[in-house]
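Go by the hints and put chain U onto chain D.
If you want the building blocks of each chain, they are given just below.
2 protein chains.
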Amino acid sequence: MAAPADNLYLALVHYPVMNRKNMEIGSALTNMDLHDIARACRTFGVRGYYVVTPFEDQVELADQIIRHWTHGKGGELNPSRKEALEMIRVTRTFEQALEEIEKKDNREVVTIATSARDSGDCITPRELKTRLKNNASHVLAFGTAWGLTEGFIDSCNLRLAPINGPGAYNHLSVRSAASIYLDRITND
Amino acid sequence: MAAPADNLYLALVHYPVMNRKNMEIGSALTNMDLHDIARACRTFGVRGYYVVTPFEDQVELADQIIRHWTHGKGGELNPSRKEALEMIRVTRTFEQALEEIEKKDNREVVTIATSARDSGDCITPRELKTRLKNNASHVLAFGTAWGLTEGFIDSCNLRLAPINGPGAYNHLSVRSAASIYLDRITND
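For the record, the sequence lines run as chains D and U. Take the position in the first sequence, starting the count at 1, then add 1; the result is the number in our numbering. Take the position in the second sequence, starting the count at 1, then add 1; the result is the number in our numbering.
If we strip away everything but chain D, and leave its shape as in the complex, we get (with noise of 0.2 Å):
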């Protein structure tokens, strides 16, 4: 039986991101993220999904795709994705969303990082399931293009173990990653 993660937010984050050459860029936005970790996000019981981007083109854009499927006629066609969307908040920054948070929740927010590369001091999607029971809201943060940089990994509180499979290759699409962590931070 899963229970509610109902003090975990996620945030997709698309600046600072890596390039595939491992230069700092911001990425520009992908509709496929907003409804499948959105849809995620729902089915699993998450408190709210934040969509993080500076740029001013790509904040119109996500509030765009958001308007249509809430407020348009995607909402009307079909409602449960109306019900997922619904849950995207768009910020410029990672800080304006833990600010947001902080301001709604009134309590300490709990930053936590995810990489598809393997670093020593990371915690298990099983041990963030513990921590989630104490009495704090957590951000799990995720990075599109390449990943979060490494100095914004270590600006956060904690940093979540990559998922692996039984080889080296580990590149999974950010849709896959939030879904597999999601099940495996509320499920059994």
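Wrong hints could be hidden among the right ones.
Remember, identical chains collapse to one label, so a pair may be satisfied in a single copy or spanning two.
In the EDC-like style, the derived pairs of lysine to aspartate or glutamate whose C-alpha atoms are separated by at most 20 Å in a straight line are [claimed, not checked]:
1. 130 - 189
2. 22 - 77
3. 83 - 61
4. 104 - 57
5. 22 - 84
6. 83 - 64
7. 22 - 151
Think of the hints as simulated: they come from the structure by calculation, not from any bench.
Here is chain U on its own, set in the frame of chain D:
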């Protein structure tokens, strides 16, 4: 530690599936389904990924996408994407996929349907993991659009239990569902 799923195949079915009015249809190809599910299959050590569509223009579209990433510019720029997309085979029917697998592996092929709808007669991912130790090939079938028809599901040997969260909402994308099932089936 994850076990390689080297006698497990995945099939993404575009016909026969349901639309939101519960009518049987053939659905259109979604580019992201090819990428995300191939990347998850490659990560979790799945043996092969079949994309099933009866429509000639969709077969051609799938072939073009796969060629771009396996023989074209895409694969040069992104070798890990090449490694994922070269796992894909396109067939006109599910039966054709089964015939290919049977011919290649020269042993029994067990078919397992997935669905977001609950049913009394399901096996769990854990039970499927145990079954994978048998000397048989297994094909896990996913429906696009609103999912596989009950007729298709009934024609399969087994049916996998749906992925549920704490509430009634269970509208995961097929990309999320495939990723979560593969994680559950291969990881402890």
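Out of the numbered hints, which ones does the structure contradict?
Result: hint 4 breaks, nothing else.
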